[in-house]
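S.K.: Here is how the chains run, residue by residue.
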Amino acid sequence: MDDTSLKEDIGTEEFWVNMGPQHPSTHGVLRLELKLSGETVVDGIVHIGYLHRSMEKIAENRTYTQFIPFTDRLDYLASMNNNLAYVLAVEKLMGIEVSDRAKYIRVIMAELGRIASHLFGITTFVQDLGAFATPLFYGMREREKIVELFDDVCGQRLTYNYMRVGGVSRDLPNGADGKIKGIIKYLRPKFDDLEALFNSNPIFTARTRGVGVLTASKAVNYGVTGPNLRASGVKWDLRKDEPYLCYDKFTFDIPVGNNGDAWDRYKVRMDEMRQSLRIAEQAVLGLPEGDPTVKAGRIFRPEPGETYMRSENPRGELGFYIVSDGSPIPFRMKIRSPSFSNIAVLPDLIRGLKIADAVCVLGSLDVVMGEIDR
Amino acid sequence: MSNGEAFGLIKLKIPDTSLEEKTRAIVVPREGILEAARCLTGQGFDSLHNLTAVDNKDNVTLVYHFYSMKKRAGIVLKTQLLPDDLTVESVERFWRSADWLEREVYDLFGVKFLNHPNLKRILNPEEWTIHPLRKT
Amino acid sequence: MIIPVLTLIIMLIVGAVVLGFIAVSAMFLIWWERKVSAHIQTRYGPMRVGWHGALQSVADVIKLLLKENITPSGVDRLSWWLAPFFAVVPVVMVFVCIPFGNIFGIELIARDLNIGILYIMALTSICVLGIFMAGWGSNNKYSLLGGMRSAAQIVSYEIPLVLAMVTAVMFAGSLSMQKIVEAQKGLWFVFQPNMAIAFAIFIIAGTAEVNRTPFDIPEAESELVAGFHTEYSGMKFAMFFLGEYTNMFVISALAATLFLGGWSGPFLPPVIWFLIKTYGLVTFMMWIRWTLPRVRVDQLMGFAWKVLTPVSFANLIVAGWILMK
Amino acid sequence: MIKYFTCIISGIWNLAKGLFVTLKNVFVKPVTLQYPTQKLEMTQRYRGLVDLYPEKCIKCGQCVKICPTACLDLSVKAGEGADKKKEFGHFKYNMELCCFCGLCEQVCPTQAIYMNKIYEIAVYEHGKLHIDLLDKDKYDEWANPDVK
Numbered sequence: 004m005d006d007t008s009l010k011e012d013i014g015t016e017e018f019w020v021n022m023g024p025q026h027p028s029t030h031g032v033l034r035l036e037l038k039l040s041g042e043t044v045v046d047g048i049v050h051i052g053y054l055h056r057s058m059e060k061i062a063e064n065r066t067y068t069q070f071i072p073f074t075d076r077l078d079y080l081a082s083m084n085n086n087l088a089y090v091l092a093v094e095k096l097m098g099i100e101v102s103d104r105a106k107y108i109r110v111i112m113a114e115l116g117r118i119a120s121h122l123f124g125i126t127t128f129v130q131d132l133g134a135f136a137t138p139l140f141y142g143m144r145e146r147e148k149i150v151e152l153f154d155d156v157c158g159q160r161l162t163y164n165y166m167r168v169g170g171v172s173r174d175l176p177n178g179a180d181g182k183i184k185g186i187i188k189y190l191r192p193k194f195d196d197l198e199a200l201f202n203s204n205p206i207f208t209a210r211t212r213g214v215g216v217l218t219a220s221k222a223v224n225y226g227v228t229g230p231n232l233r234a235s236g237v238k239w240d241l242r243k244d245e246p247y248l249c250y251d252k253f254t255f256d257i258p259v260g261n262n263g264d265a266w267d268r269y270k271v272r273m274d275e276m277r278q279s280l281r282i283a284e285q286a287v288l289g290l291p292e293g294d295p296t297v298k299a300g301r302i303f304r305p306e307p308g309e310t311y312m313r314s315e316n317p318r319g320e321l322g323f324y325i326v327s328d329g330s331p332i333p334f335r336m337k338i339r340s341p342s343f344s345n346i347a348v349l350p351d352l353i354r355g356l357k358i359a360d361a362v363c364v365l366g367s368l369d370v371v372m373g374e375i376d377r
Numbered sequence: 125m126s127n128g129e130a131f132g133l134i135k136l137k138i139p140d141t142s143l144e145e146k147t148r149a150i151v152v153p154r155e156g157i158l159e160a161a162r163c164l165t166g167q168g169f170d171s172l173h174n175l176t177a178v179d180n181k182d183n184v185t186l187v188y189h190f191y192s193m194k195k196r197a198g199i200v201l202k203t204q205l206l207p208d209d210l211t212v213e214s215v216e217r218f219w220r221s222a223d224w225l226e227r228e229v230y231d232l233f234g235v236k237f238l239n240h241p242n243l244k245r246i247l248n249p250e251e252w253t254i255h256p257l258r259k260t
Numbered sequence: 027m028i029i030p031v032l033t034l035i036i037m038l039i040v041g042a043v044v045l046g047f048i049a050v051s052a053m054f055l056i057w058w059e060r061k062v063s064a065h066i067q068t069r070y071g072p073m074r075v076g077w078h079g080a081l082q083s084v085a086d087v088i089k090l091l092l093k094e095n096i097t098p099s100g101v102d103r104l105s106w107w108l109a110p111f112f113a114v115v116p117v118v119m120v121f122v123c124i125p126f127g128n129i130f131g132i133e134l135i136a137r138d139l140n141i142g143i144l145y146i147m148a149l150t151s152i153c154v155l156g157i158f159m160a161g162w163g164s165n166n167k168y169s170l171l172g173g174m175r176s177a178a179q180i181v182s183y184e185i186p187l188v189l190a191m192v193t194a195v196m197f198a199g200s201l202s203m204q205k206i207v208e209a210q211k212g213l214w215f216v217f218q219p220n221m222a223i224a225f226a227i228f229i230i231a232g233t234a235e236v237n238r239t240p241f242d243i244p245e246a247e248s249e250l251v252a253g254f255h256t257e258y259s260g261m262k263f264a265m266f267f268l269g270e271y272t273n274m275f276v277i278s279a280l281a282a283t284l285f286l287g288g289w290s291g292p293f294l295p296p297v298i299w300f301l302i303k304t305y306g307l308v309t310f311m312m313w314i315r316w317t318l319p320r321v322r323v324d325q326l327m328g329f330a331w332k333v334l335t336p337v338s339f340a341n342l343i344v345a346g347w348i349l350m351k
Numbered sequence: 010m011i012k013y014f015t016c017i018i019s020g021i022w023n024l025a026k027g028l029f030v031t032l033k034n035v036f037v038k039p040v041t042l043q044y045p046t047q048k049l050e051m052t053q054r055y056r057g058l059v060d061l062y063p064e065k066c067i068k069c070g071q072c073v074k075i076c077p078t079a080c081l082d083l084s085v086k087a088g089e090g091a092d093k094k095k096e097f098g099h100f101k102y103n104m105e106l107c108c109f110c111g112l113c114e115q116v117c118p119t120q121a122i123y124m125n126k127i128y129e130i131a132v133y134e135h136g137k138l139h140i141d142l143l144d145k146d147k148y149d150e151w152a153n154p155d156v157k
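Chains as they are written, first to last, in our numbering: chain D, 4 to 377; chain E, 125 to 260; chain V, 27 to 351; chain G, 10 to 157.
Pulled out of the complex, with its shape left as it was, chain D reads as follows (with noise of 0.2 Å):
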């Protein structure tokens, strides 16, 4: 037998897997189709739209406040940050200024909004490496509390359908804001401890660090927003570059990864976690006096003419450019969602890694289904 047929005989043979809509780490209903050699991931190829509702043609025939509690929906780990996203591109068609306290109160909502949010994304992320269920319980635990605050304000524990144009549905209610400063009292040893269980784990570290790097000329170049262009080393963050609401009135840092890989991803949200804090914490106690609510049944009429307003979600800039005809309902609504160019980056950065590589990647990337898919 010559070497030739040799090899033929037992040659390797590449094989796709098929990995969701229905697999404990797609995060939702991702498809994800992988070319395996072995272990090794040679190519990727994404497939979306499980969960497509068309949001964005519903947004045709809702007028601007009907559609708020659809943004509830996009990414449904951070309603806050979503609804306060769509108000603000709503705020800015008509031109409309908002009250003091209600900007206030939207801070804070926003800021808590995104440590929820980084809670679940660092605690599903570790537990796609395999440190089954003890740290997601853990997060969610922390998470409950801010869960119930928001439960306490707006009623309602996942879709809060909290912010209005032109200010919130309610006032705080009494006592709310000794119970978020609570809060905040009680959420900085937790991260400690989040921080005991990964920072230094040598399974962790050796998990993450070096895997599934994204220089920045490609984040950029991807359209890659949020915590994951940060960690990999790009200063941008909206609330500092385009300060919107009050953001310019508190102090806090970015944190920038070095290198853009997995660990950097999980460190910027660790760390932008307790800036949220603090912006919490000033915001809280800098909280104005006066009305911050507005009628709900306010119909709005914009002048015909288009918009395009971002902001800093937790999962990145989440941008609403709104068409108006002069009509109570918009012309036509683009959602730009940050996991949508999230995810397009997948396939690149998991080429050449090992599958249990592959499913690092993906839950550092934190990508949530229902703003991808829309």
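One thing to keep in mind: the hints can contain errors.
Keeping only pairs whose Cα atoms sit at most 27 Å apart, straight-line, the calculated DSS-like set for lysine-lysine is [said to hold, decoys possible]:
id, chain 1, residue 1, chain 2, residue 2
1, G, Lys33, D, Lys188
2, D, Lys60, E, Lys181
3, E, Lys195, D, Lys95
4, G, Lys94, G, Lys68
5, E, Lys244, D, Lys60
6, V, Lys61, G, Lys38
7, G, Lys65, D, Lys298
8, E, Lys137, D, Lys95
9, G, Lys48, D, Lys148
10, D, Lys193, V, Lys61
11, G, Lys48, G, Lys137
12, D, Lys182, G, Lys33
13, G, Lys26, V, Lys61
Don't read these hints as lab results, they were simulated from the structure.
Model the placement of chains E, V and G on the given structure of chain D, informed by the hints.
M.R.: Showing chains E, V and G alone in chain D's frame:
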């Protein structure tokens, strides 16, 4: 760099370019989109932030939002397509983010992007023949 | 005529007792794992069936027994059917020479083989066959990957495991389990420095041997769905489960016997000592499982060949040097 | 060589730190509830099922107009009395469509329509999802009628 400056630069290359009054968006003719893209990448607009289309019934307008991380500036570029000939050059070779964004626009509006590496439906099933966000 | 019949009856009784113990122990361990994990995660765990859900495992077993026996189309029938048995039977056979201690002078060991350790080493390596057959026979790519991983993993972790065991054997001077326990009457092996290292290696390699986090790559939930037992359900799945938990018990019992003095200990009866040590080690393995993430497959192999094997080999040489002195 | 061993030892130490965190949590009282026997108390502003005080309602139809999913259906007829006061034709609530956004509650000028505290909203019959808001006992047979 403001819209005005970028407009001046593109105007040099493509004489048909105009500036929209209200939105300060640069409107380039369909044929000039590649030239404009080349011009913008040269000017440091390294991120195609958003790409979408608006069906105005008599035409379909493509809206590009570009940002420059270095210059901290953003511009809006528009180009108009006629409903009976919805084809335009793909800008995927300049900005990789255009890959999925163009696929989405193709899926929802039926705009065909020429020289796109993988122009397939992205959100809707592949066997569909309609484009759901078209108004006509 | 009387004597062979009597022997047969005694054998049957012993066998029944061992099998009964295995079943009860596995069910207890499943309940215990659920409780441990729940309390680590600040939950309650099972609370409804019996006192603090103590009978939950019984209910689960009944459910699994009553489930339909599904054979997916396209499986390799022979290996599909045999795999669960291959996963369980060797583990059960190991119980032949595990010394549980003694009650009223009767030694609780099915048969004190004079090559006990060798016998156990041989049997524990058979388990991989069951897993690999399941992975191959399922006709599922995830299962196949799981089976492949398992084969690689168990073969490489066998070496440090055996080297650690050999260290204990060298100190005891015998392959018989009872003799090893008796050798530790004065001082447990684990209190000698190089035996402590051997103990640590044994626990790490043992964790890998029974496919538990951080070395659970054959069934890596977040990567391979459920690895080799993705396609199994009902009683066949229960067999894998039984095999896994019994294997855990066996590894802990071995560690207790080889390094922690087996059933010997002051005040309490020997059986209690043995069970305390074994279940303590099992709990430690659970604690690790619910804390640490999983290592990647190449890191796992690298760890076995670059860290565990050299260290255990060096440890063996040092032990030999100490004994020669 | 020294580096090799310090690496191993620091690795073990850091693993132990993580193990300590989980051990610490074993002694924390569980935070979960034993659900059917223990229940979470709903907050003041909780948005459960839509409910109505028929006597307060002025039949303005604002709730119907603002509902994003069109789950409310109100018909009004002219009253037979001398003042021609508006009267209910029917007021139906389709719970299938409801997205529990609370806009109807907020838009109501008289606080007639409100959201109660019922959160166990699974039913055995499909028809029960279509609720007649004018029926006084409509929520009596729901999972926990005592929480209203």
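S.K.: Okay, which hints does this one fail, numbers in order?
M.R.: 8
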